[in-house]
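*Asks:* Each chain is listed here by its residues.
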Amino acid sequence: MTVSRTTALHFGTLLVLIALFFVLPAYHVGAFSRIMVLAIYAIGFNLLFGYTGLLSLGHAMFFAAGMYGFGLSMNFGGLSVLPAFAVGVLAAGLLALGVGLLALRTIGVAFMIVTLMFAQTFYLVILYFGEYTRGDEGFIIQQAQRNLAGIDLTTETARYFAAFTLFAICFLAMARLVQSPFGKRLVAIRENEERARMLGYDVGRLKLAALVVSGLFSGVAGAAYAMLFGYVGASFAAVHYSIFPLLWVLLGGAGTTIGPLIGVIFMFYLIDISSSFTNAYMLVAGVALVLLTLFAPQGIAGTIRKRAVSWLP
Amino acid sequence: MVAVNILETKGLTKIYGGLQANTDIDFSLRRNAITALIGPNGAGKSTFVGMVSGRTPPTRGSVSFEGRDISQLPAHKRMQLGMAYTFQITSIFPGLTVEDNVALAAGRRLAHDKVAHAEKTATVLDRIGLKDRAGQVASDLSYGHQRVLEIAMGLAQDPKLFILDEPTQGLAEGEVEAFVALMRTMAEETTILLIEHNMRVVAETADHVAVLDQGRLLASGSFDEIRANAAVQSAYLGAPADV
Numbered sequence: 001m002t003v004s005r006t007t008a009l010h011f012g013t014l015l016v017l018i019a020l021f022f023v024l025p026a027y028h029v030g031a032f033s034r035i036m037v038l039a040i041y042a043i044g045f046n047l048l049f050g051y052t053g054l055l056s057l058g059h060a061m062f063f064a065a066g067m068y069g070f071g072l073s074m075n076f077g078g079l080s081v082l083p084a085f086a087v088g089v090l091a092a093g094l095l096a097l098g099v100g101l102l103a104l105r106t107i108g109v110a111f112m113i114v115t116l117m118f119a120q121t122f123y124l125v126i127l128y129f130g131e132y133t134r135g136d137e138g139f140i141i142q143q144a145q146r147n148l149a150g151i152d153l154t155t156e157t158a159r160y161f162a163a164f165t166l167f168a169i170c171f172l173a174m175a176r177l178v179q180s181p182f183g184k185r186l187v188a189i190r191e192n193e194e195r196a197r198m199l200g201y202d203v204g205r206l207k208l209a210a211l212v213v214s215g216l217f218s219g220v221a222g223a224a225y226a227m228l229f230g231y232v233g234a235s236f237a238a239v240h241y242s243i244f245p246l247l248w249v250l251l252g253g254a255g256t257t258i259g260p261l262i263g264v265i266f267m268f269y270l271i272d273i274s275s276s277f278t279n280a281y282m283l284v285a286g287v288a289l290v291l292l293t294l295f296a297p298q299g300i301a302g303t304i305r306k307r308a309v310s311w312l313p
Numbered sequence: 001m002v003a004v005n006i007l008e009t010k011g012l013t014k015i016y017g018g019l020q021a022n023t024d025i026d027f028s029l030r031r032n033a034i035t036a037l038i039g040p041n042g043a044g045k046s047t048f049v050g051m052v053s054g055r056t057p058p059t060r061g062s063v064s065f066e067g068r069d070i071s072q073l074p075a076h077k078r079m080q081l082g083m084a085y086t087f088q089i090t091s092i093f094p095g096l097t098v099e100d101n102v103a104l105a106a107g108r109r110l111a112h113d114k115v116a117h118a119e120k121t122a123t124v125l126d127r128i129g130l131k132d133r134a135g136q137v138a139s140d141l142s143y144g145h146q147r148v149l150e151i152a153m154g155l156a157q158d159p160k161l162f163i164l165d166e167p168t169q170g171l172a173e174g175e176v177e178a179f180v181a182l183m184r185t186m187a188e189e190t191t192i193l194l195i196e197h198n199m200r201v202v203a204e205t206a207d208h209v210a211v212l213d214q215g216r217l218l219a220s221g222s223f224d225e226i227r228a229n230a231a232v233q234s235a236y237l238g239a240p241a242d243v
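Protein chains in written order, with UniProt numbering: chain A, 1 to 313; chain B, 1 to 243.
Watch out, some of these pointers could steer you wrong.
To be verified - Below, a list of computed lysine-lysine pairs in the DSBU-like style, where the Cα atoms sit at most 35 Å apart:
| # | chain 1 | residue 1 | chain 2 | residue 2 |
| --- | --- | --- | --- | --- |
| 1 | A | LYS184 | B | LYS77 |
| 2 | A | LYS184 | B | LYS131 |
| 3 | B | LYS131 | B | LYS77 |
| 4 | B | LYS77 | B | LYS160 |
| 5 | A | LYS184 | B | LYS114 |
| 6 | A | LYS306 | A | LYS184 |
| 7 | B | LYS10 | B | LYS77 |
| 8 | B | LYS131 | B | LYS114 |
| 9 | B | LYS160 | B | LYS10 |
| 10 | B | LYS131 | B | LYS160 |
| 11 | B | LYS131 | A | LYS306 |
| 12 | B | LYS160 | A | LYS184 |
| 13 | B | LYS160 | B | LYS114 |
| 14 | A | LYS306 | B | LYS114 |
| 15 | B | LYS114 | B | LYS77 |
Claimed, not checked - Sample of chain A residues with no beta-carbon within 10 Å of chain B, all distances over it, derived:
| # | residue |
| --- | --- |
| 16 | THR6 |
| 17 | ALA19 |
| 18 | PHE22 |
| 19 | SER80 |
| 20 | ILE113 |
| 21 | GLU137 |
| 22 | GLY150 |
| 23 | THR157 |
| 24 | LEU208 |
| 25 | ALA238 |
| 26 | VAL239 |
| 27 | PHE266 |
| 28 | LEU292 |
| 29 | LEU294 |
Because the hints were derived from the structure by calculation, they are not lab data.
Quick caveat: nothing in here was measured; it's all calculated off a predicted structure.
Here a beta-carbon is modelled for each residue, glycine too, at the ideal position from N, C-alpha and C.
One chain only, chain A, in its complex shape:
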């Protein structure tokens, strides 16, 4: 029963996203392409933060690794879209493995600081190799290169459905993953790490696996962003791109499958709408964040689950 409701919710969400393409005006279609890509990033972050209970403040490095892995291998390696995409995702996964082996020796606040430091280092490395990365300015991936098996990914339709396809795969894969024995063990670590260890679970290895999977999803999002929007820049490796996924997940609902998407939509339109009224749109966003944290600390989906729909996955 629960399984079918969950499945209905997930496929219903995807159907709504398809329908939106046909009903929304062009501007919002473009916005939703971006939202879906960023939601993949949020989904990856949510596995580590929402399900495993590990707060990383350095996820921008995984997003940027995907982005630069894609962009650099295209521009300097002459790869086409698919292999370049694979390079981007792999780069993010390997970086997550390396960072995880070191950073997971720490816990709590120390883990936050260490991941933040690694991300800052990664950011500075990008600037240091400005000759290739073009530093802050970034570089463009030419329209002609962004072509997948004859499909021009720069058209609005192709971009929307490429973003949708990637989102759908990541969304459903993650929904399945968190219901698997692996996902349940991660939740066990979040709930009570010492108990999980004393049940015989290899907590260290599980946390590392969670970080790598989280990094891979972030890498998919970074590579997809470069592929669909044609720009690669160091600002995506900066600290605020580590904070965004935290905000999205907190707002949408940590540890829920649809929370990341809701959070990205909410935040995107909050800034979008408020900036049409005032220059101080970040102030509006800030106030909204404070209010939500005060009155709905479990985020939108988390609060719905608590108040009304207890089966919400």
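We have chain A already, so just place chain B on it with the hints.
*Replies:* Below, chain B alone, put in the same frame as chain A:
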């Protein structure tokens, strides 16, 4: 041939700064029996089981389990060999349902086999009397039920050695009765190392009693032998009339 002792420690010692919490403990635990470890507060009982389970690294000495030296193994590997451990301070997954708590405990061995996993979870919930509360969030349970849930999590692991650190602490009289009954049924299928303050529980369940005092193994034997032991009386039990 299966050895008589499931667990043996040799010279197990823990020194915290200048304090000798455990000193050269040579201890052996008989298979398929209930052994109670007793001793006054601060005698080093929790330190000892901490070193057996791998939570506390010893200063020196060795632990062997089923004839194998496990001194170098981390806690989770020891649990994988067939130990289960319940904490002195209740330790469950508070945000998960009762059923998920038990399923996680059973799942380390059975997660690959969905049918066996579900069956084991249901059997344990039924046996421990928490079946009706399977869907309840664990943090909403009463304290007594949370203690019972933690024992259920131990049972769900089908341990060869079950270490219970003060399981009846804070339980009401009736709950203690139920616990004693449960212990007796558990003894048929596993070896139990019980740390216990409640002498009535020890008297009613333990086949064998070991006494720790000031970090040393003072005596061991049947409950009656221990009760008659003069050194134990002076260290711990006070006047025999107490018992």
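*Asks:* A cut-off of 10 Å on Cβ-Cβ distance, and ILE113(A) was said to be off the interface with chain B. Does that hold?
*Replies:* holds, 26 Å
*Asks:* Verify that the Cβ of SER80(A) lies farther than 10 Å from every Cβ atom of chain B, and report whether the claim holds or is violated.
*Replies:* Non-interface label on SER80(A) holds, nearest chain B Cβ at 40 Å vs cutoff 10 Å.
*Asks:* Would you say LEU294(A) is clear of chain B, with no C-beta pair closer than or equal to 10 Å?
*Replies:* holds, 21 Å
*Asks:* Evaluate the condition: distance from the CB of PHE266(A) to the nearest CB of chain B exceeds 10 Å.
*Replies:* holds, 24 Å
*Asks:* Quick one: work out the minimum CB distance from ALA19(A) to chain B and report holds if it exceeds 10 Å, violated otherwise.
*Replies:* About 35 Å separates ALA19(A) from the closest Cβ of chain B, which puts it past 10 Å; holds.
*Asks:* Would the hint linking LYS306(A) and LYS114(B) be met if the CA-CA limit is 35 Å?
*Replies:* Answer holds: LYS306(A) to LYS114(B) is near 28 Å, not above 35 Å.
*Asks:* Taken at face value, is the distance from the CA of LYS10(B) to the CA of LYS160(B) at most 35 Å?
*Replies:* holds, 20 Å
*Asks:* Does LYS114(B) lie within 35 Å of LYS131(B) when you go C-alpha to C-alpha?
*Replies:* Given pair LYS131(B), LYS114(B) holds - Cα atoms ~19 Å apart, limit 35 Å.
*Asks:* Given the hint that LYS131(B) pairs with LYS160(B), test it: the Cα-Cα distance must not exceed 35 Å.
*Replies:* holds, 24 Å
*Asks:* Since PHE22(A) was said not to touch the interface, does its Cβ keep a gap of more than 10 Å from each Cβ of chain B?
*Replies:* holds, 40 Å
*Asks:* Has the given pair, LYS306(A) with LYS184(A), been kept, meaning a C-alpha gap of at most 35 Å?
*Replies:* The given pair, whose Cα atoms are some 19 Å apart, holds under the 35 Å limit.
*Asks:* Is it the case that GLU137(A) keeps its Cβ farther than 10 Å from each residue Cβ in chain B?
*Replies:* The claim stands: GLU137(A) keeps its Cβ more than 10 Å from every Cβ of chain B (closest is about 46 Å).
Against the hints set out earlier in the document, no violation occurs for any number.
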